[in-house]
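Asker: What follows is each chain in one-letter form.
There are 4 protein chains.
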Amino acid sequence: MPYEFKIVRRVEFSDTDMAGIMHYSNFFRFMETAEHGFFRSLGFSIVTRNIETPVGWPRVHAECDYKQPLHFEDEVEVQLLVSEKRSKSLSYIFRFRKLNASPVVEVAHGKLTVVCVTHHAGTKMTACNIPKEIADKIDVAPKELLGL
Amino acid sequence: MPYEFKIVRRVEFSDTDMAGIMHYSNFFRFMETAEHGFFRSLGFSIVTRNIETPVGWPRVHAECDYKQPLHFEDEVEVQLLVSEKRSKSLSYIFRFRKLNASPVVEVAHGKLTVVCVTHHAGTKMTACNIPKEIADKIDVAPKELLGL
Amino acid sequence: MPYEFKIVRRVEFSDTDMAGIMHYSNFFRFMETAEHGFFRSLGFSIVTRNIETPVGWPRVHAECDYKQPLHFEDEVEVQLLVSEKRSKSLSYIFRFRKLNASPVVEVAHGKLTVVCVTHHAGTKMTACNIPKEIADKIDVAPKELLGL
Amino acid sequence: MPYEFKIVRRVEFSDTDMAGIMHYSNFFRFMETAEHGFFRSLGFSIVTRNIETPVGWPRVHAECDYKQPLHFEDEVEVQLLVSEKRSKSLSYIFRFRKLNASPVVEVAHGKLTVVCVTHHAGTKMTACNIPKEIADKIDVAPKELLGL
Chain A
14 MPYEFKIVRR VEFSDTDMAG IMHYSNFFRF METAEHGFFR SLGFSIVTRN IETPVGWPRV
74 HAECDYKQPL HFEDEVEVQL LVSEKRSKSL SYIFRFRKLN ASPVVEVAHG KLTVVCVTHH
134 AGTKMTACNI PKEIADKIDV APKELLGL
Chain B
14 MPYEFKIVRR VEFSDTDMAG IMHYSNFFRF METAEHGFFR SLGFSIVTRN IETPVGWPRV
74 HAECDYKQPL HFEDEVEVQL LVSEKRSKSL SYIFRFRKLN ASPVVEVAHG KLTVVCVTHH
134 AGTKMTACNI PKEIADKIDV APKELLGL
Chain C
14 MPYEFKIVRR VEFSDTDMAG IMHYSNFFRF METAEHGFFR SLGFSIVTRN IETPVGWPRV
74 HAECDYKQPL HFEDEVEVQL LVSEKRSKSL SYIFRFRKLN ASPVVEVAHG KLTVVCVTHH
134 AGTKMTACNI PKEIADKIDV APKELLGL
Chain D
14 MPYEFKIVRR VEFSDTDMAG IMHYSNFFRF METAEHGFFR SLGFSIVTRN IETPVGWPRV
74 HAECDYKQPL HFEDEVEVQL LVSEKRSKSL SYIFRFRKLN ASPVVEVAHG KLTVVCVTHH
134 AGTKMTACNI PKEIADKIDV APKELLGL
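Residue numbers (the numbering used here), protein chains in the order written: chain A, 14 to 161; chain B, 14 to 161; chain C, 14 to 161; chain D, 14 to 161.
Excised from the complex, chain A in its bound form (with noise of 0.2 Å):
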C-alpha cells in the first residue's frame, strides 16, 4: 500500500544498554529502517540513482513516546503510516510492537518529518519539490489508522 509498511526486527545485544533494554536512541534507527523499506517497496531507493535529479531527505522532526522497554531478543514490528504529504515534506508515524509478547503489545510510537532537497556544489543543502515520480506513488493514510 502507498501510505505504510512494516518491518519486523529482533532487539540484538548491541541495540541493548547496561539497563538491559534497548537504548532509546535506537528506536530512532528503527524508524528509518522502516523509512527505507518503505521506499524500495514503491520501487525507489532513499538514496537516489534512478531517478532524473538526485534528492535528500534530511529530517526536520523526531519524536517518540515510550511506553514499555524492549529487551534483547525481542521481535518488534515497526509499522510506518504517511501521516502528511506536502510538496517538500513527508511525515510518518511509527508503531512499535512487541510481537513476542501475548497479547502483542504497542511498546513505542514516533513520528519523523522528513523535507525533500538538493545537494549543491560541498554540502549547501535546499528545500525542493518531492520529485513528481515518488510523490505520485505515495498517499496519506487513512484518518481511521492514524488514530485521528
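A couple of the hints might just be wrong.
Remember, identical chains collapse to one label, so a pair may be satisfied in a single copy or spanning two.
Here are the simulated DSSO-like cross-link-like pairs (lysine-lysine), alpha carbons at most 27 Å apart as the crow flies [stated by the list, open to error]:
id	residue 1	residue 2
1	150	101
2	137	156
3	145	101
4	80	101
5	145	124
6	101	124
7	80	137
8	124	80
9	145	80
10	124	98
The hints are simulated quantities; they were obtained by calculation from the structure and are not laboratory data.
Please arrange chains B, C and D on chain A, whose structure you already have, making use of the hints.
Answerer: Then chains B, C and D, alone, in the frame of chain A:
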C-alpha cells in the same frame, strides 16, 4: 547551577552517515551525555550507587527539531535546561549550538522527559518519587531561559 | 550444523559513515549478531536464562580484515564457523560475502575469541568451564571449511 | 610528537550494553577518534580539505585484545602509536588505560592498518601514495615504546 549544564563535543567520524552529516539518532546520544553530566555536576551518577534506593531514569518522551546539519569535526555545545520537575519525572530541553560557526548558530533543539523508577525482581520497573536528596538539588530553569 | 551459522543483513543507512561505506566498527556488530543467532539455532540464548548456571561471553580478541567496502542496501551474508573449542573459550571465524555482487564476493573476514564467565557479586567476572549442555552441542568446523 | 597521540574519554551510557560494560565494537570507535585527533595534531584533518589531492583512509585490518571491561563513567586514555609507515599505508597500535583505577591499568590493546586511497568517479577507490606533506610529518614510534 541546579537547572543548567553544558557540554561541548566534537562530531566524530562514526557519528556521521553517508549523507555526510551527523546521523539524526546521535543527537539523542548527545542529549543523554549532557543529562548524565548534569547529574555528575550535582554530585550524583545517573546510575545510582551512592543513594539509599537505587533508581533508574527510563525515557518516556524524546524529540528533536533539526535546523541545520552538523558535519565531521564540528564543535557543538549542548545546553541542558530543566524545564519541568514533578514528583516522579523530570523534563529537559536541549539547545545544540555549532561553536565553529560565526556567529555561533543554534542547529537543533531537543526535549526529553524521564521518569524515576525502581527495579523489582527481574526486569519490572515501577515509577517512584524522585529521591529527596536528588530532587532537592534540582531546580526548574527561569522562564526567560526556557524561551517561554 | 553445530559448527556453522549464517545470517543475511541489508546494510542500513545508520551503518554507513560519511565515506559512504559501512563503518568498520559495524562489522563487529554483525559478527555478534551471527554469534547470537548461532546460539539460538542450538536452542540457547547467549543471555542464559534456561540453564542452571548463568554465564556470560565477554570477548578477549576480535579482528577483521577488510577487502572491499560495503555500501548502503548491500545484502551481506555473514557465515560463522567455530574454529576452536576449549574448556573455557570458543573461537569463531566469520566470512562476509556481498550477495548483490555477481559473482558473490568475500568482502571481509573476521575472528572472535570469547571466554565463558560467571558473574559474582557486583560486576566481577571469572572464567569458568563452558556448561556441558552448551559445550556438547558445539563442534569445531572441518579444516577444509576453515580454510586451513 | 609525530608518532604518538592521546585522548581521554569517559565511557558513556550509550557505549554500554546489557552486560553492563562497554560494547566491544566501541573500542574501535575510540581508536578511530584517537587516529583523527592525531591527524589534527599534525595540522591535517583525516577528511582532506586542505591538501591538493583528496585522499581517504579505509581500514584493511583492525583488531583488539580485551583484558578488562570498561564500565559506565570510566575514564579511559587511548594512546595511539605509529607502528609502521609504508608508501601507501600506516599501522597504529592503541593502548587503552583505565585512569580511574589505582594503579592505572591497561584494559585493552588495539591495532589498525589503514590504506591511503583516492576516489574516482562514483565510489571506486584506488590505493595511492600517502601525500608527501602528510608522510613527512609522521614518524614510526621507537621500538621500546611499541613494546617490541
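Asker: With reference to the structure, classify each hint as holding or not holding.
Answerer: Hints and how they fare:
For a Cα distance limit of 27 Å, the shortest separation of residue 150 from residue 101 inside one copy, 15 Å, qualifies, whereas the shortest one across copies, 46 Å, does not. For the identical chains of this complex, residue 137 and residue 156 are neighbours neither inside a copy (36 Å) nor across copies (35 Å), given an alpha-carbon limit of 27 Å. In the homo-oligomer, the alpha carbons of residue 145 and residue 101 lie at most 27 Å apart inside one protomer (11 Å), although the nearest pairing across protomers, at 46 Å, exceeds that limit. Within a single copy, residue 80 and residue 101 get their C-alpha atoms only as close as 32 Å, which misses the 27 Å cut-off; across copies the closest is 15 Å, which meets it.
Taking the closest pair of Cα atoms, residue 145 and residue 124 come within 27 Å of each other only inside a single copy of the chain (24 Å); across copies the shortest separation is 35 Å, beyond that limit. With identical chains, the CA atoms of residue 101 and residue 124 are at most 27 Å apart both within one copy (17 Å) and between copies (25 Å). Proximity of residue 80 and residue 137 under a CA criterion of 27 Å is satisfied inter-copy only: 13 Å between copies versus 38 Å inside one chain copy. Taking the closest pair of Cα atoms, residue 124 and residue 80 come within 27 Å of each other both inside a single copy (15 Å) and across two copies (17 Å).
Taking the shortest alpha-carbon separations for residue 145 and residue 80, only the inter-copy value of 25 Å comes in at or below 27 Å, while the best intra-copy value is 38 Å. Both within a single protomer and between protomers do residue 124 and residue 98 lie at most 27 Å apart by alpha-carbon distance, with minima of 14 Å and 25 Å respectively.
The structure is inconsistent with hint 2 alone, although it conforms to all the rest.
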